[in-house]
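S.K.: Generate the whole structure from the sequences, applying the supplied hints.
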Amino acid sequence: MSASETLSKGEIFKTNKCQTFYKRQFANQSVCSIAKKYKSFGFINNYNKTTYLNSNSRYNIVRLRDILYTYMECHQKGILDNITEEELEKKCEYIYSNKCNELNNIINEESTKYSVLMEPILENYKNNKKKCSNFCWSLPLGYPCCMQTKYVLDKNEDGKWGVENGHWCGIKN
Numbered sequence: 002m003s004a005s006e007t008l009s010k011g012e013i014f015k016t017n018k019c020q021t022f023y024k025r026q027f028a029n030q031s032v033c034s035i036a037k038k039y040k041s042f043g044f045i046n047n048y049n050k051t052t053y054l055n056s057n058s059r060y061n062i063v064r065l066r067d068i069l070y071t072y073m074e075c076h077q078k079g080i081l082d083n084i085t086e087e088e089l090e091k092k093c094e095y096i097y098s099n100k101c102n103e104l105n106n107i108i109n110e111e112s113t114k115y116s117v118l119m120e121p122i123l124e125n126y127k128n129n130k131k132k133c134s135n136f137c138w139s140l141p142l143g144y145p146c147c148m149q150t151k152y153v154l155d156k157n158e159d160g161k162w163g164v165e166n167g168h169w170c171g172i173k174n
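In this note's numbering, the protein residues as written are 2 to 174.
For the record, the hints were derived by calculation from the structure and aren't laboratory data.
Just to be clear, a hint being listed does not mean it is correct.
[As the list claims (entries may be wrong)] Mimicking EDC-like on lysine to aspartate or glutamate, the simulated pairs with C-alpha atoms at most 20 Å apart in a straight line are:
no., residue 1, residue 2
1, Lys50, Asp67
2, Lys78, Glu124
3, Lys91, Glu103
M.R.: Put into structure tokens, the structure is as follows:
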């Protein structure tokens, strides 16, 4: 089974209906066992707790790999070290993108399953964001840094603003 198939089946498997069903199976309180008495549909006799746990583990492993691969550029350690200012700005724009912001939500949702693995990922992501905000104060606000402009068009509590290529940008101090 491919990773995408495992993820797809795992998402179905994680739904409230399926989880309720399996919890009842564990407790031998399935709706199926009650319905058996009334012959409306049969009890699932081939239920296997080991298969359930193995499937759950396989899904969790594939899900973790998917998270790590999808958000790799958001959490890599040292990605902001020893690069040019232009490269740093591009990487920082990516780190402040909606995609990377999703990483924080996903880590909070998934942390109970992978807490040992998620902790360093979240730490690296936070360190990268901190380095980026030190580099350019306007990135967290969704605006790039001014790379060449020094002329101040506006100033507010956030900082000094300029325009480059027809777009607002934050002037670094």
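S.K.: Each of the hints needs a verdict: does it hold here or not?
M.R.: Tested hints:
Between lysine 50 and aspartate 67 the CA atoms are separated by roughly 26 Å; this puts the pair beyond 20 Å, and the hint is violated. As the CA atoms of lysine 78 and glutamate 124 are separated by approximately 9 Å, the hinted pair is consistent with the 20 Å bound. In summary, the hint linking lysine 91 to glutamate 103 is supported, as the alpha carbons are separated by about 18 Å, within the 20 Å threshold.
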